[in-house]
Amino acid sequence: MSANTPPPASSWKQWFTTHGQRLLLFARQQTRTEQDAEDVLQEAMVRLWKSGMIDTAEDGANEPCLAGAFTQIRRSAIDQARKNIRRANRETRAMEMDEPGHIVWFQDSLEQDERSQQIEKAIQTLPDYYKEVIILKIWGDLTFEQIAETLDIPMNTAASRYRYALERLRRTLTPAKLS
Amino acid sequence: MKSEFPEPMDAGLLQIERELRSLSPIAPERALSEMLARQVASESEVPVPARVNRVVAGPFPWRRVGVPTAAAAAAAAFVLPSAERSVDKGSVAGGIRSAEEARPGHAPISWVPMPPRSEYRLVDGSGVLLINEPAPMMEYQLEQTEHHEWRNPRDNSLIRMSIPRQQRVLLPASYR
Chain A
46 MSANTPPPAS SWKQWFTTHG QRLLLFARQQ TRTEQDAEDV LQEAMVRLWK SGMIDTAEDG
106 ANEPCLAGAF TQIRRSAIDQ ARKNIRRANR ETRAMEMDEP GHIVWFQDSL EQDERSQQIE
166 KAIQTLPDYY KEVIILKIWG DLTFEQIAET LDIPMNTAAS RYRYALERLR RTLTPAKLS
Chain B
109 MKSEFPEPMD AGLLQIEREL RSLSPIAPER ALSEMLARQV ASESEVPVPA RVNRVVAGPF
169 PWRRVGVPTA AAAAAAAFVL PSAERSVDKG SVAGGIRSAE EARPGHAPIS WVPMPPRSEY
229 RLVDGSGVLL INEPAPMMEY QLEQTEHHEW RNPRDNSLIR MSIPRQQRVL LPASYR
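As they're listed, the protein sequences go chains A and B.
Be aware that the first sequence starts at 46, since it is given in the working numbering, and climbs by one per residue.
Be aware that the second sequence starts at 109, since it is given in the working numbering, and climbs by one per residue.
It should be emphasised that the hints constitute simulated quantities derived from the structure, not laboratory data.
Careful, some of the hints might be misleading.
Here are the computed lysine to aspartate or glutamate pairs in the DMTMM-like style, where the Cα-Cα straight-line distance is at most 25 Å [stated by the list, open to error]:
id, chain 1, residue 1, chain 2, residue 2
1, A, K176, B, D118
2, A, K95, B, E251
3, A, K95, B, E125
4, A, K176, B, E137
5, A, K128, B, E251
6, A, K176, B, E125
7, A, K95, B, E257
8, A, K176, B, E127
9, A, K128, B, D263
10, A, K128, A, E156
11, A, K58, B, E137
12, A, K95, A, E190
13, A, K166, B, E257
14, A, K128, B, E125
15, A, K128, B, E254
16, A, K166, B, E254
17, A, K128, A, D173
Residues of chain B placed beyond 12 Å of chain A at every Cβ, according to the derived structure [as the list claims (entries may be wrong)]:
id, residue
18, L122
19, E125
20, L128
21, S132
22, S141
23, M143
24, S150
25, S226
26, D232
27, G233
28, G235
29, I239
30, P261
31, D263
32, M269
33, I271
Beta carbons are placed, not taken as given, at the ideal position from N, Cα and C, and that holds for glycine.
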């Protein structure tokens, strides 16, 4: 990760097309509504652009820093959570309209795949501190060192949370044996 | 993939990991990608609102106006060094630029956006109890003022824009 000349704005679209799925997934996990997730993602991308944090791609070209993008999403989500008045307003409206608060995260669940729906439900019932590690590791493709930096936690904590989260998912997803 | 764990994970955990990896997150809608690309592109130009940008982009027609009139106009429109000037949305288009800026061939000011801030104020006496089914609600009116500022690092002059808004907030209430 470094702060040099940022890549041209035109290359952002291509970069976002490649990484948009994983970034939006993390934004969804960090927020409570789809609208919030999109707002957070937008703000984070502008912050990332302004920060000038870049990585060097395999072809040697500069591209926005992926780990930095996750960090900015988390910061933007924290900032947004502080705007609790807006949130309360939106939630009240959602309640009035009787909207379910549930956001679908995975394409496979949308396609009514039963196992995928079970897995998604199991992930969504994990505590937030497990969910964020799982998402950054599996779909963000970050190392534990990068996860630790993004979430501002020690690396060993990131690794152990990942393992505990997997163990909890296994317990949830494996049918109990009949004695 | 090389494991980052000191102890290898057992087969059950690896199976769960594989199942998780097989799921594809839902992609952002195309409109969102387009909007982000536009936003980043606009941020990479001049970080001030479009109306301000247009004002500073064009050279001032000095020849047509004549030197004495132009000098008077420039003096009137000066942003004095370290002076702060509050500008509302309408007057931004009226032209905020220093005489230095207005000289032909001079590079436009690059205004640096400052972190925006918002103020919220509860309108006095706005709490109204609405007896709705299935739960009663309290309705409050909030006045929000969004403050945006852009600073010229060359002389610390400021452009300020304040946007007032009104919001109606409904909160669940109890009869107790």
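Quick rundown of the hints versus the structure:
1. A:K176 to B:D118: Distance ~21 Å between A:K176 and B:D118 Cα, so the pair holds.
2. A:K95 to B:E251: violated, 31 Å
3. A:K95 to B:E125: Roughly 35 Å between the alpha carbons, so the hint for A:K95 and B:E125 is violated.
4. A:K176 to B:E137: holds, 23 Å
5. A:K128 to B:E251: holds, 14 Å
6. A:K176 to B:E125: holds, 13 Å
7. A:K95 to B:E257: Distance ~17 Å between A:K95 and B:E257 Cα, so the pair holds.
8. A:K176 to B:E127: Holds, at roughly 15 Å.
9. A:K128 to B:D263: violated, 33 Å
10. A:K128 to A:E156: Not OK: A:K128 and A:E156 at ~34 Å, beyond 25 Å, violated.
11. A:K58 to B:E137: Distance ~13 Å between A:K58 and B:E137 Cα, so the pair holds.
12. A:K95 to A:E190: holds, 24 Å
13. A:K166 to B:E257: Violated. A:K166 to B:E257 sits at ~44 Å, over the 25 Å cutoff.
14. A:K128 to B:E125: violated, 36 Å
15. A:K128 to B:E254: Status holds; Cα separation ~13 Å.
16. A:K166 to B:E254: violated, 39 Å
17. A:K128 to A:D173: Measuring from Cα to Cα gives roughly 19 Å; hence the hint holds.
18. L122: Given that some Cβ of chain A is not farther than 12 Å from that of B:L122, nearest at about 9 Å, it is violated.
19. E125: violated, 6 Å
20. L128: violated, 5 Å
21. S132: violated, 5 Å
22. S141: violated, 6 Å
23. M143: violated, 7 Å
24. S150: At roughly 8 Å from the nearest Cβ of chain A, B:S150 sits no farther out than 12 Å, so the non-interface label is violated.
25. S226: Violated: least Cβ distance 8 Å, not greater than 12 Å.
26. D232: At roughly 17 Å from the nearest Cβ of chain A, B:D232 sits farther out than 12 Å, so the non-interface label holds.
27. G233: Per Cβ check, B:G233 is outside 12 Å of chain A; nearest 18 Å; holds.
28. G235: holds, 14 Å
29. I239: holds, 14 Å
30. P261: At roughly 15 Å from the nearest Cβ of chain A, B:P261 sits farther out than 12 Å, so the non-interface label holds.
31. D263: holds, 22 Å
32. M269: Holds: least Cβ distance 18 Å, greater than 12 Å.
33. I271: holds, 15 Å
The structure is inconsistent with the numbered hints 2, 3, 9, 10, 13, 14, 16, 18, 19, 20, 21, 22, 23, 24 and 25, although it conforms to all the rest.
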